[in-house]
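Asks: One letter stands for each residue in the lines below.
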Amino acid sequence: MIRKYIALLRMKYIEMLAYRLATLVWMTGAIVQPLITMAVWMNIDPSQSDAFLFYFMAVIFVERMTSAWDVWELDREIREGTFSNYIIRPLHPIHWAIAENVVYKVLFVAILAPIWAIAALFVPALRFDVTGGQALLFLAAVLLGAALRFLLSYICGLLGFWITKVTAVYGVLEAISLFLSGRIAPLSMLPPMLQQWSVFLPFRYMIGFPIDIVTGAANGHDMLQGFAIASIWVAVFIIALRWIWIAGLKKNQAVGG
Amino acid sequence: MRRYVRIFREFFRACFVEELEYRSEFLGNLVSSFFGIGIAILTVNIFFYQTDQLGGWAYADVLVLLGVFNTLRGMIDFALRPNMPRLLEHVRRGTLDYILTKPVDSMFYVSFRHLVFWRLIDVLLGLGVIGYGLMVKRYIPSLFDVLIFLITIAASFVLIYSLWMMLMTTSFWVIRIDDLSFIFDSFFETARFPVGMYRGWMRVVLTYVLPAAVITNMPALSLLGKWNMATALIAVSLALVFLWLARRFWRFALRFYTSASS
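Heads up: the sequence lines are chains A and B, in that order.
Per the working numbering, the first sequence starts with residue 1067, numbered consecutively.
Per the working numbering, the second sequence starts with residue 535, numbered consecutively.
Each hint should be verified, as a subset may be incorrect.
[What the hints assert, rightly or not] Here are the in silico distance ranges between beta carbons for each label pair:
| # | chain 1 | residue 1 | chain 2 | residue 2 | range |
| --- | --- | --- | --- | --- | --- |
| 1 | A | L1239 | B | I768 | 54 to 64 Å |
| 2 | B | M736 | A | K1171 | 23 to 33 Å |
| 3 | A | M1077 | B | S640 | 36 to 46 Å |
| 4 | A | I1298 | B | A688 | 38 to 48 Å |
| 5 | B | V670 | A | K1171 | 56 to 66 Å |
| 6 | A | I1153 | B | S640 | 54 to 64 Å |
In short, the hints are calculated from the structure, not lab data.
The structure displayed is predicted, hence computed values, not measured ones.
Backbone N, C-alpha and C fix where the C-beta goes; we use that ideal spot for every residue, glycine too.
Can you build the whole structure from these sequences, using the hints too?
Replies: So, in structure tokens, the structure goes:
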């Protein structure tokens, strides 16, 4: 298994190099919306500017780390029938996707972490002070978030066996997550009802939760509860994924070929 | 000119027939358009949950602005967006030859050949939101307001078209990226809110370099009766300048087109 993964990672790494310009351009595309939202909040409450700056920079970072694009790939591959190439191989296709995610996210860290470090030299608002434990929890939360988003996106992609508009379904989920994940605003700024919802739905754990850990907005109880709920969602998603995969293969009728 | 109107009508008809083959998707598209505008309004509501003005604009004003934004975006998705990937494809495969040899202006052809009709729903929804915003504000625009609004929004569309065209023209050089439209989207997103909201160099860039201020704020302000002749004239002349630039750039880029081996 480890040897297979090394081979997959190498392959995906070479693929990524071929598309490095596209990757960079996509990355810049992903930072605009948080920046605009940040400008809005700074305008609403100028006295909190530094906190907003930190929060939304963290949103950009965490969003990149947990981003998932598999639904678009799967949608295309299933529709065009090229997904069959993966199905007949002895390794579950999800491993290709996992390897790809690992490679890209390592690249994102390699780009974003130094930028953050250099920016923090000049902008005091970006400096943060965390204990070792907090840092570990943050990493764990980011991993959980990445797993959640990846699984959700992959599940949606597999729905392509039945329906042709899976990207639209995923778009709806993304739009909901815009509010509940903390991308539009720090969750504490939302109306109380949305805050309540966000605790129990998976979206908050994809972006907002790790940031709350670093900024100290989440206390011990919140963290415990958060990790528990996020883990439950991961388990639910894994079960759903397995089930949909098996049912989907029966349904699959490679179009085109 | 008449000939081009006729050709456009023909594009319109051809795409309409094409679209009718996918009638069953209409409902889904309708739902997704409503959903999109609902999300946008909800976002504005979330901001106004914490404040009562955004860059000097009240809630109703921002709604009108959002309506203008949605209308313009609907127009882009209707006429411009479907053509972007196709031009990239033409350049990559060398099939642009077929367009260049047609007795039609090539820039006109590549930007309007493909239309996506259901996106006009977004235009209607945008107009609806404008109306709703005006209702919340209890403001009935005068005839002059509406006139200036029509002029400035037309100028906005020309501006958008020019910026879009310039971006599309870069496909003669950057053929590796499947879709460049999101670069434009990123910029256009900034036009969703009042420019007064941005600070420092951002405001300067958005007012003078990438004129988001002109594109959405000006029509919205006109409709709210806060226009003056000078700014309207600036908008129109800016649009014409950008159109000229886009035209020049297209001509310039065509010289670099070497066709693919066929």
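Asks: Next step is simple, just say for each hint if it's right about the structure.
Replies: Cross-check of the supplied hints:
Taken as a hint, the range 54 to 64 Å is violated for the pair L1239 (chain A) and I768 (chain B), whose Cβ atoms sit roughly 42 Å apart. For the pair M736 (chain B) and K1171 (chain A), the supplied restraint of 23 to 33 Å holds, since their beta-carbon distance comes to about 29 Å. Range check, M1077 (chain A) to S640 (chain B): Cβ separation about 41 Å, and the 36 to 46 Å hint holds. Taking the beta carbon of each, I1298 (chain A) and A688 (chain B) are about 54 Å apart, not inside 38 to 48 Å as hinted.
Between V670 (chain B) and K1171 (chain A), the C-beta spacing of about 44 Å breaks the proposed range 56 to 66 Å. At about 44 Å, the beta-carbon gap between I1153 (chain A) and S640 (chain B) misses the expected band of 54 to 64 Å.
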